[in-house]
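> Next come the chains, spelled out residue by residue.
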Amino acid sequence: AQTVTQSQPEMSVQEAETVTLSCTYDTSESDYYLFWYKQPPSRQMILVIRQEAYKQQNATENRFSVNFQKAAKSFSLKISDSQLGDAAMYFCAYRSLSEKLVFGKGMKLTVNP
Amino acid sequence: SQTIHQWPATLVQPVGSPLSLECTVEGTSNPNLYWYRQAAGRGLQLLFYSVGIGQISSEVPQNLSASRPQDRQFILSSKKLLLSDSGFYLCAWSVHGSYRDNSPLHFGNGTRLTVT
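For the record, the sequence lines run as chains A and B.
Numbering follows the working numbering, in which position 31 of the first sequence is assigned residue number 31; successive positions increment by one, without gaps.
Numbering follows the working numbering, in which position 30 of the second sequence is assigned residue number 30; successive positions increment by one, without gaps.
Hints were generated in silico from the structure; no laboratory data involved.
Treat the hints with caution; some may be incorrect.
[To be verified] These stretches of chain A come out as covered by chain B in the derived footprint (C-beta under 8 angstroms, 3 or more residues):
hint, stretch
1, 34 to 44
2, 100 to 109
[What the hints assert, rightly or not] Computed beta-carbon distance windows for the label pairs:
hint, chain 1, residue 1, chain 2, residue 2, range
3, B, 65, A, 70, 33 to 39 angstroms
4, A, 54, B, 15, 43 to 49 angstroms
5, B, 14, A, 80, 46 to 52 angstroms
6, B, 70, A, 80, 42 to 48 angstroms
All values derive from a computational prediction rather than experimental measurement.
Just so it is clear, CB atoms sit at the ideal spot from N, CA and C, and this is done for glycine as well.
Isolated chain A (complex conformation) (with noise of 0.2 angstroms):
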């Protein structure tokens, strides 16, 4: 079965800067998508970015990018200009070519004024 592990729980960032959320995954298919969901307060679930896991090329959204390392199974996510805005929960999720999308327990990011 696939898995997602979101090994930081929380993290905290300075308005401005740089941050990098952490994301591994297991399978045994080859080809997949990978995603970033962000949940703010609200509890709505709003997609950040995707990738698909045939495309060598990272995923980038404005001041999201994705690093994303198939042999590794590694699928981390840079916010960069970090804003207030960007305080939430964010997932790493794994969708499977049989539509079944698992999610990671989600990181909790803090943004400093």
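Go by the hints and put chain B onto chain A.
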């Protein structure tokens, strides 16, 4: 545009009582549907997912069940609630995948269930 409705928003139920949470999606057909539970201090636990009517995959062999009576309706049920069933329940949908589909999940607003 597609929308997802989940209700009720909050629910307080006594131990041993039944449960029925409903989720419907509008504006799309044959979506993948998911039920997740988020307990305090824990991540999102996948409970059930469905890729079509009558096709339910269970990830958690507990006292919960799910049904998909219509294409865009997904129901989470229990015959007898336990204290441990308390949590935040999220319904979600995604586009039914082609081989190269990377569509994200779209979440409902969630139901906060308190079992007393």
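> Please go over all the hints and tell whether each is borne out by the structure.
Now for the hints, and whether the structure bears them out:
1. 34 to 44: Answer holds; 4 residues pass the 8 angstroms Cβ test.
2. 100 to 109: Coverage by chain B holds here, the residue count being 7 at a Cβ distance below 8 angstroms.
3. B:65 x A:70: 33 to 39 angstroms: Holds: the Cβ-Cβ distance is about 37 angstroms, inside 33 to 39 angstroms.
4. A:54 x B:15: 43 to 49 angstroms: For residue 54 (chain A) and residue 15 (chain B) the Cβ distance comes to about 48 angstroms; the hint holds.
5. B:14 x A:80: 46 to 52 angstroms: 49 angstroms Cβ-Cβ, so the 46 to 52 angstroms window holds.
6. B:70 x A:80: 42 to 48 angstroms: 44 angstroms, holds
The structure is consistent with each of the numbered hints, conforming to all of them.
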